[in-house]
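Each chain, written out:
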Amino acid sequence: MFNEKIIDPAELRHWGGKIELYWIYTSGEAGDRFFKALKDEDKFIAAKCKKCGKVFFPPRMYCEFDFSETEYVEVSGEGCVRAFTVAKLDKNEKPLEKPEIYAIIDIDGTDGCMIHLLREVEPEEVQIGMKVKPVLKDKAEREGKITDILYFKPS
Amino acid sequence: MSVGKKDISCPPEAPGTPLKDSDIAEKKVTYVEDHPDIRYAWTAGQAISRFLNELKKGKLIATKCNKCRRILFPPRMFCELCYKPIDDWVYVKDTGTVQTFSISYIDPDAKPLEKPVIVAVIAVDGASKNMAFMHVLGEVEPEKVYIGMKVKAVWKPEEEREGSVTDIKYWKPIEG
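Chains A and B, in that order, are what the protein sequence lines are. Counting from 1, position 88 in the first sequence corresponds to residue 88 in the numbering used here; the numbering is continuous, with no gaps. Counting from 1, position 7 in the second sequence corresponds to residue 7 in the numbering used here; the numbering is continuous, with no gaps.
Bear in mind the hints are in silico, worked out from the structure with no lab data behind them. Please note: incorrect hints may appear among the correct ones.
To be verified - Capping the alpha-carbon separation at 25 angstroms, the derived lysine to aspartate or glutamate pairs in DMTMM-like fashion look like this: (1) B:K27 x A:E141; (2) A:K36 x B:D23; (3) B:K169 x B:E139; (4) A:K139 x B:E139.
Unchecked claim - Selected chain A positions facing chain B (Cβ under 7 angstroms, derived; list incomplete): (5) L12; (6) W15; (7) G17; (8) G144; (9) T147; (10) D148.
Being a predicted model, the structure only gives us computed values, none of them experimental. Note that CB positions come from ideal geometry on N, CA and C, so glycine has one too.
So that you can see chain B by itself, here it is in the shape it has in the complex (with noise of 0.2 angstroms):
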């Protein structure tokens, strides 16, 4: 192919064909369709999977670092700060403080919901300085919240709960 000017010509604009849903639903317009089956199983590691079976018991563990003292919360394996294996597991309360929160009014696929949601960031009573996880708030109404507030966790009844976060139904503030 040669390089440089050449006398070419083109439309100035190029219009499209507009379609239709019904024109592919009618079979107006030929066409390939795929919905491919795509799974995936991502492990819960070691320190996560027996958090989760705790949750299961109603009970929150968390792990300790001998180190520098500190309780991690959600549990790892390994101290990050330390550069070393955790030494022990330990139990944590299921009170805890909102750090922060949101207010959400829309659901996952951007749909109103009729009830806020309110998701905040929980500091669990127990566990170290910075160590927090995220849940839902409830009995509660969403300019009543605030930074600072304690919360205690409602737990499902014992028989319906499968080790998953959704064991605790919501945290809901402690009275006074």
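Pulled out of the complex, with its shape left as it was, chain A reads as follows (with noise of 0.2 angstroms):
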């Protein structure tokens, strides 16, 4: 039988590759009056369906359920804590100093809700409903991104 191997590591070859991807996702009509709002503004704004008046938070163009227009309402960007989870790994699975919390924050006013990151509070004080508040990064700093807004804390 030839049962040759290697032995020496450096005789074994590879290749090397790179996938090469790059995108750019745009906001969406909707989508930009909303994050144009939060930069500019410091405003937070919703979409209202003109017939069955259910509020679309983040917020869109059409109702999903009558496919009627909606209209764009301001609201305070405050809510309650649905859910959330309490991460001690970094995406790489490297531990965390500290941890981060992550929540589902229904938004007042509106039928819509938002993942964010929750901080100014310990793990083991969150609870579901708890009242929260959006911390915005200072206007100059701003870049119309979801990251315009640093967290959410108790209110």
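Can you join these two chains into the complex? Each is in its own frame, and there are hints to help.
Given below as structure tokens:
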């Protein structure tokens, strides 16, 4: 039987490769309005269906239940915690110095919600139903992205 | 939600919002972008590792199965017909025969090439039937290439070789 093995790893060869991926994803018309209002006016925009009255957050151009148009309304951006999870590892599975709390936040005055970070609160103190409010970046540093909201904190 | 016929009206067409590259460049619209760094390494395995290392020495190596008596090229560690490990390493010649070829006028990005590239499957002398590998032909005009043409490898100088198939620059026709 021919059972030759490679003993020296330097003898073993490989090919390296890289997959090029690059994309730009625009916010769309309603999303654009939301981010621009957040960036320039510190405002939170939702969209109310002209027919059924459902309030979408983040805003949509059309109601997904009866296809009628929506109108933009301003909301406070405050809300309450619907669900949360505590992350102790980062995305590369390295332990975090301080755990991060991710929460689904039901936004007041809307039927929608937002997933964001909770800070200025200990993981043990977070409760479902807890009232929270957003903390925004300095106006000069805002880019029109979801990270313009730094985190939510108890109100 | 109720199912069935509903009183729904929707616009006959949704025209959309056309965007120009400049709208993105001038940040007229909000967007997110990403450029993930996705890398991989694919090991060559025992047989191809040795094949590549032998290329650096200017040699073509194959493996041999003593049961079906075939010379396997490019080499592999297992005979797929006899379903058993191969028995030995053997060198094959750096001459061969064009089995099939294709003339490419464009590069991998579909850009026109100044000079067309002739890609050929070359059956190497010393290896068994149906054993061949792909490479490029040189020192020959595309219209002069034919199936069955005898060719010989043109190697890079030894100091420039790096253990890659590109250590053979191209294959050129053998005169006569």
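Quick rundown of the hints versus the structure:
Simply put, K27 of chain B and E141 of chain A have alpha-carbon atoms about 15 angstroms apart, close enough for the 25 angstroms limit, and the pair holds. Only pairs whose Cα atoms come within 25 angstroms are accepted, and K36 of chain A paired with D23 of chain B is accepted, the gap being roughly 14 angstroms. With a CA separation close to 11 angstroms, the supplied pair K169 of chain B and E139 of chain B stays within the 25 angstroms bound. Restraint check for K139 of chain A and E139 of chain B: not satisfied, since their Cα atoms lie roughly 66 angstroms apart, outside the 25 angstroms limit.
Because the smallest distance between the Cβ of L12 of chain A and any Cβ of chain B comes to about 5 angstroms, under 7 angstroms, the interface hint for this residue holds. Given the 7 angstroms rule on beta carbons, the hint for W15 of chain A holds: about 5 angstroms separates it from the nearest Cβ of chain B. A distance limit of 7 angstroms between C-beta atoms decides the matter here; for G17 of chain A the minimum to chain B is near 5 angstroms, and the interface restraint holds. Hint on G144 of chain A holds. Least Cβ distance to chain B is approximately 4 angstroms, under the 7 angstroms limit.
A least Cβ separation of about 9 angstroms between T147 of chain A and chain B goes past the 7 angstroms threshold, and the interface hint is therefore violated. Restraint check, D148 of chain A versus chain B: the minimum CB separation of about 10 angstroms is more than 7 angstroms; hint violated.
In terms of the numbered hints stated before, the structure departs from hints 4, 9 and 10, listed from lowest to highest.
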